[in-house]
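Trainee: First to last, the sequence lines map onto chains U, X and A. Here my numbering = 1-based position in the first sequence + 394. Here my numbering = 1-based position in the second sequence + 29. Here my numbering = 1-based position in the third sequence + 327.
Derived from the structure by calculation, the hints contain no laboratory data. Heads up, the beta-carbon is just placed ideally off N, CA and C, and yes, glycines get one too. Careful, some of the hints might be misleading.
Stretches of chain U that chain X covers, calculated by requiring three or more beta carbons in the stretch to come under 8 Å of a beta carbon on chain X [claimed, not checked]:
hint, stretch
1, 465-472
2, 724-731
3, 736-748
4, 759-765
Here's the letter readout for the chains.
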Amino acid sequence: MTAALAPSPAADGAVAPVLRAERLCKEFGGVTVLSDASLDIRPGEIHAVIGENGAGKSTLMRLLSGYLRPSAGELRMDSAPIAFHAPSDAQAAGIALVHQEILLAEALTVTENIFIGREITRFGGLDERAMREAAAAQLAEIGCKVSPRALVRDLSLANRQLVQIAKALLGTHRVVIFDEPTAVLTHDEVDPLLDIIVELKQRGVAILYISHRLDEVERLADRVTVLRDGRMVGTYDAEGLTPQRMASLMVGREFASLYPPRLERELGEPALEIEHADVPGFVREVSFTLRKGEILGLAGMIGAGRTELFEGLLGLRPASFGAVRLHGRPVHFASPAQAAAAGFGYLTEDRKGKGLLLGERLAPNLTLAALDRVHPLAGLDLAGEARLLDTAVRGYDIRLRSRDARAGQLSGGNQQKLLLAKVMLNDPTVIVIDEPTRGIDIANKSQIYAFIQSLVREGRSCIVISSEMQELIGLCDRILVMRSGRINGELTGDAMSESNVALHATSSVASETTSEGNAHG
Amino acid sequence: MADVAAAPPRAQHNWSIGWGDAGPFLALAALVAIGFLINPDFLSANNIANVVTRSAFIAIIAIGATFVISSGGLDLSVGSMAAFITGVMILFMNWVAPSVGTAAIPLGMAVALVTGIACGLLNGTIVTVGRIEPFIATLGTMGIFRALITYMTDGGTVAIDRSLRDAYRPVYFGDVLGVPIPILVSLAVALVAAYVLYRTRYGRRCVAVGANEDVARYSGISVTRVRTLAYVIQGTCVAIAAICYVPRLGAATPTTGLLWELQVITAVVIGGTALRGGRGRVWGTVAGAVILEFIANLMVLSDFVSEYLVAAVQGVIIIIAMLIQRMSKR
Amino acid sequence: MLRNILLATGITTALLAAGPASAAEKKTIAVSIPAADHGWTAGVVYHANAAAKEINKAFPDIEVIVKTSPSASAQVSAIEDLSATRKLDALVILPHSSEELTTPVKAIKDKGSFITVVDRGLNDPKIQDLYVAGDNIAVGFNTAKFLVEKMSGKGNVVVLRGIPTVIDDERIKGFQDGIKGSDLKILDIQYANWNSDQAFKLMQDYLAKYPQIDAVWANDDDMLLGVLEAIKQSGRKEIKFALGGNGMKEIIAKVMAGDAVTPVETPYPPSMIKTAIYLTAAHFAGHAPVRGSLKLDAPLITKANAAEYHFPDSPF
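This is chain U alone, in the form it adopts within the complex (with noise of 0.2 Å):
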């Protein structure tokens, strides 16, 4: 065990390495964001790069793909010194880049996605034909069965994913770099995708791959190095390094456990009562009850209307309810607005796109929702503003590198907190959490179930909606799963395990209650 966790040396004789890095800095404007970065990756092998937001892993990866040029340090390929002025250069070494986030055009077909900028000239036209067969081979070899024709605006986020690699892997490529591949990926999306990558390492090429989800890396990687705070911590064997352990090496202390212990408490009078919601398309004759102190998860599939409902009970889409009572008085919302002074609030699943103006400062951002509250008077309050977000930056520890950042600025688990700050500005009792973990790394991820916790001890109340089935195992007092609009069980105690999440989000079992000793409190 000790002699695995060891850093282990540099090059044991095995093969040598394609691409090596050799004490790689790079500092922005005076800030030094990573120093003495070292590694190699060798062909055939998947090399796990693991740190928290800010470690300098995107910096690593940008480096090696020619993205940033390195302060100091060089890059070696093939033991030769190599300088990459543009992403192209790197491209033309045979380092392929695929990047977390899906940077395809969505009116293009796949196989004009594929080829763009580099298309297939004959006679100086388009040779649409060799295009779409080259397209159609690289699909099939990551046994991604979408048709090259497909226009890419009618793909689900997997399909999408796999043409980015298929994009990537075009031309030669001994070098593949993944960015956080499955951050955008449901569960069930993840198993097709690890395949293929293995799949790739089995046929000798070297690759590189950051997740923030350690079980995927201690299923794939042979080594794994960490990164903290833009420093090299180690390259370790992947053999005997457990996901507890990875964390412990990311944080630089041991790490306990993921999720709060749970509490012990009795639940009140029921907070949140919704009767018969159905919102056309999305969902049909939902109904149920959040308690007051409840951590109620809601599980299900994307596309089982989980966040539909709550935008259609926030007004923002048509819907009708039977019953809506909100602490026992009925309530009707007819916007946002309305729902934030009536103490509900909604944190949307989609953070970039919904949740916060990304070029704008942090105080802005935050007192957003809440401007007539913040600001009662006819100009702003920007000193009293400052120090909301001081408070806020300080309660939620929410780390930026200076005070006038923009939102887009900040990590993803920054960003989150900042949005669960904005939030709470409006004092909700009760509380929606939409994905509150996507794309965020183990710390911040363990900071914010420790928050959730909090809300419902401070007696307000809350709903996760997640896709991830531990975190409302861990999380939460009892599970609703959805399927296809429709509550399809309901989970507490002993009941809420991963299959049974899995049994009820995907066929359509008995929906009657699954509980075991009747766990309510």
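Fit chains X and A to the supplied structure of chain U, relying on the hints for placement.
Mentor: Just chains X and A now, with coordinates in the frame of chain U:
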């Protein structure tokens, strides 16, 4: 790990943001320096006063456009609207002048403001409630306002009543302590606008709607109300510009305000407001309007541009001004 | 008695016969002109409508129809529609542009219509039966001659020109020819697009640039209005003359009142459309030969003859 945020380094961002906002003013300063080198008369008090006064209409309208554009809209109708308001105002003043004398002028101003607000409300409602692309909606009202002024003037000129002419003249030609009144008016409008945009809840909401409609909606902001109000502000600004414009030539014609919309949009963009919304710069807009007028002035004062090439040189200078702005953002 | 009866019957028969016959012979004159989008075209529309009303009243056998069009292509459509729905005995046209209208007008000519072209000539002069135009060169030339004479052949002049078109070029050329041989010096010529706002700004700039300006010529009266306002604001007294052109009623009024700075005016009167319509009507009603070209002179309008050119009800 909870104490990491204690001392955030902040130097680099402050620096870059500061220069980015200074772009239009740098361009203006460069233009003034070049102007002085070309012809020292350029900096004479008289010339500067004339040119800045002339830029007042575009500046005032462009300040309104800063709201519309930063809220994610566009208003092509401002030039026609200015002509229309001018026409309504003159006809109204001429109508009441025989009975109320020079009191017709303040009454006319009130009518202009009401007309401007109504025009803005019309544009805003078509865009928000009617859900029509701002480009198309205001292209439509642009034609409507232009046709109305042509109809009101029979295609010719409506001139202000002689009895009002001299009483109203100082609003354009007069000054307070040597500063021409239109300059004071545009400064006042800019001050109020800067306060509204930067220091009120409405300004926050306006920019938020322009930056990301969804975020604004999820944050409980009424996108319809915010956008409509931006058009009303635009209409009010056009009315204020019309009030300053009428005494200059004392007439409205079908060519009044022709192509002002393009100058207005150019001034706004030179000033650093993002054309796609989400970022408004009131003082930059004012600088942009002055830059445009300075360029035209410089073309006349310099001797080495053929009259046939003036428009081309103006185009080149505008592009260079934008480049200076862009580079200062780096 | 019998004779009387016969006579009466004869008259009645004649009247009955003449009734439908005269209706069939009623002549249609179509007038196609640009829509009123600035002062001068507004004058054209005013005078065309006035002529139509007067002729329709005076000659029951002649019907004048006036159509305005906002653009050259709209004008092509308009005359095509007119000729498709009825027989046009005559077409009086002030073309938006020579190039685009030549072929469509030729098509109407080929159907046997009498063609009167006003102001802007068509590319093929053979199409027209009658051509009525003002003299743009004379507008510039006569103004120049006046200045040379009044300023004893020397002094500094600034010029404001309109929109780059043939009309503008001819006026400027006439002016330059007119000052040839004198010591009158043109300090500057710039475009102000026949727009009073732009003329105001341009004149302000001229005043800032040149310390001594003896005379200003704006080749159109809309621009002259802006020029006068700028001079008034500057308080400069050395400018002896500020002249325009076209015959706008406000400027004619100044001439009538004996204004010192604007004592004369050169006409390029929009009423030429009226001249053309009347001459065309004469072709049918008066049985008078009118084929040919009529170039309206651009004589100096002075206090003495200004009333002849003053149309207080016209928008221009």
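Trainee: Decide, hint by hint, whether the structure agrees.
Mentor: Against the structure, the hints:
| no. | hint | verdict |
| --- | --- | --- |
| 1 | 465-472 | violated (count 0) |
| 2 | 724-731 | holds (count 3) |
| 3 | 736-748 | holds (count 5) |
| 4 | 759-765 | holds (count 4) |
Going down the numbered hints, you'll see the structure goes against just number 1.
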